[in-house]
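Using the sequences provided together with the hints, build the complete structure.
Sequence order for the protein chains is P, B and C. Using the working numbering, the first residue of the first sequence is number 1, and each one after it goes up by one. Using the working numbering, the first residue of the second sequence is number 1001, and each one after it goes up by one. Using the working numbering, the first residue of the third sequence is number 2001, and each one after it goes up by one.
Everything labelled a hint here was simulated from the structure, so no lab data went into it. Any given hint might turn out to be false.
Residues of chain P clear of chain B, computed beta-carbon distances all greater than 10 angstroms [said to hold, decoys possible]:
#, residue
1, Glu17
2, Gln46
3, Pro110
4, Lys149
5, Phe255
With a straight-line cut-off of 30 angstroms between C-alpha atoms, the simulated DSBU-like cross-links for lysine-lysine are [what the hints assert, rightly or not]:
#, chain 1, residue 1, chain 2, residue 2
6, B, Lys1063, P, Lys176
7, C, Lys2016, P, Lys303
8, P, Lys149, P, Lys28
9, B, Lys1071, P, Lys170
10, C, Lys2022, P, Lys211
11, P, Lys12, C, Lys2078
12, B, Lys1149, B, Lys1207
13, P, Lys19, C, Lys2078
14, B, Lys1231, P, Lys283
15, P, Lys300, C, Lys2005
16, P, Lys152, C, Lys2056
17, C, Lys2016, P, Lys149
18, B, Lys1125, C, Lys2005
19, B, Lys1207, C, Lys2056
20, P, Lys286, B, Lys1207
21, P, Lys301, B, Lys1149
22, C, Lys2005, B, Lys1157
23, P, Lys296, B, Lys1149
24, C, Lys2056, P, Lys149
25, P, Lys28, C, Lys2022
26, P, Lys173, B, Lys1247
27, P, Lys296, C, Lys2056
28, P, Lys149, C, Lys2005
29, C, Lys2078, P, Lys303
30, B, Lys1063, P, Lys296
31, P, Lys173, B, Lys1002
32, B, Lys1207, B, Lys1221
33, P, Lys215, P, Lys15
34, P, Lys173, B, Lys1071
35, B, Lys1192, B, Lys1247
36, P, Lys286, C, Lys2032
37, P, Lys303, B, Lys1207
38, B, Lys1149, P, Lys283
39, C, Lys2016, B, Lys1128
40, C, Lys2005, P, Lys102
The beta-carbon is built from N, C-alpha and C at its ideal position, and this holds for glycine as well.
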Amino acid sequence: MSEVLFQEKIDKEQKIEPKDWMPEGYRKHLIRQISQHAHSEIIGMQPEGNWISRAPSLRAKMILLAKVQDEAGHGLYLYSACETLGISREELNQQLHIGKAKYSSIFNYPTLTWADMGAIGWLVDGAAIVNQVSLQKTSYGPYSRGMVKICKEESFHQRQGYEIIAEMAKGTKEQKEMAQDALNRFWWPSIMMFGPHDSDSPRTGNAMKWKIKRKTNDELRQDFINKTVGQAELIGLTIPDPDLKWNEEKSSYDFGEINWEEFWSVVEGNGPCNEQRLNHHIKAHKDGAWVREAAKAYSKKQKN
Amino acid sequence: MKDILQYTLRIADTSLILAQRLSEWCSKGPTLEEDIALSNISLDLFGQANGLLEYAAKIDQSKSADDFAFKRDERNFYNLQICEQENGHFGDTMVRQFLCDTYFMLFYQQLSSSKDENLAAIANKSIKEVAYHLRHSKNWLIRLGDGTKESNLKVQKSLDKVWKFTGEFFEMDELDHLMLDEKIGVNNTLLKKEWDNIVNQVLSDAKISRPKDSYMMTGSKRGLHTELLGKMLAEMQYLPRAYPNAKW
Amino acid sequence: MTENKATVWEVFIQSKNGLAHKHFGNVHAEDKEMALQNARDLYTRRNEGSCIWVVKSENIVSSVPEDETSFFDPSNDKVYRHPTFYKMPDGAKHI
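Structure (structure tokens):
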């Protein structure tokens, strides 16, 4: 099959399946995007995992643990989709460990108070959901099916986060301060999650043409901001952007300039927790090596 | 009722503390699949603890389930000491889990016919969960014991280390006898035989040897613990203690 | 050093008694029991299952896209396999 036929198929909204012919660039783009997405789910377990032992009620503890567990599950769905492109989970892991594969920079920020569990669920999962909903229609079949499953399960994540922060916003003075502080710290990193402006995003062109991505970074970011501002107002919190205002003509919000210097610096590894997150992952992997070996050895003995 | 409350707290604390320990594994599992499995077990145990503490709160109406979990000091916690032992490596955790799961299974089987309907109902729900946990930990123990030389040595050591905490499973104090007389509680002494059978069989399948019964730790029924529990509670209880007027 | 790859298993779940098993995704596991348990823990966290099948991915044989025309097109013109192909006299019932 030639590239022309491939593109025709894409244009007719037909899904590409693992055994179908695909341009090498398409495969590479998918591996990069899906694995980055998977790694983000897995590294994303850490900032929230940081508070499981300190969750303030039994209910909050069970919810948080179930949520972080879901993230492991979602990482697995995505690794599973990625493996259909002919790359193993071990290779993907190794690319993460040597820094060749990236994950979402948001997880390089620390979680300092319980309100951060609210902010992460509300803002970070909120942003992720905007992106994932659009990816349900991505052209690669296994990725699309994974996204459908993830979206279905993730709908509770954002709600639990919003519930936490809403409860704190109407709580004691200290709780209110924690809630506002969490919003202040997580707002900008959240809207950076959508990546650079379209004009500075060299790969967007192909990804849109191949319908891997269905909306551009800027479109998704705008969707998210439009949805979120009212939610902040409702619970009496202030979004830390003096330039944020409703634009009647566009029928959406204008917002201030993003600090791209910070964005790139965190991507390059200079965020507060980059090293810690990666080391944690590498350590868990190394500590588990003898267990994986033992399971392999045991299984071999059963066959002999 | 005070006796039933105390009896309930012992069971609840054992689930709660083991759940809290297991939740520490989250994001550290040897494989992602196993990470998820450990969280599942932890969630089951938190659920059991929650149900039991809700029952405790029904008996002592001045407290909520969360008050029991977050506002008691370590001298008022009655969990079996094996549960508060550190996770260590995956083999340490699986050995601890297997020994506990076997005990839970037998304990809840007996408790399910308790005259106390609440305890019986909780036991019936828990049996299904611990049956799965036991299947999981048993299989892992066999894999690790009969895996590589290294893994065999490791779990043998894990077992030797934790063995002294297994005596508490079968202790009977005054309250236990009272509860047994009232057909509410379980005769722990009688669990030993079946526990031995299961453990011996699995250890033999796992090619590791059963340590000799020598000195056994005791004290949790009176709120005596290893130093590990205090630190664990300090972490677990920090928010409700630091902000006593806050709701979360 | 590249480490030994884990064995990959495909997971099929019957969501309700009476329905067919459906492909859900994969898990890594070294033996049958582990595969079954991993599938249970990963894919049925929300009460999705009544039965699980796991099968090693390497044991699945799949047709390939090149087979598509020779495999599936020939059945295109066998319209007589469908009930709508047949003319029924007006008024015929229960048929």
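Violated hints - listed by number, lowest first: 2, 7, 18, 29, 30, 31, 32 and 35
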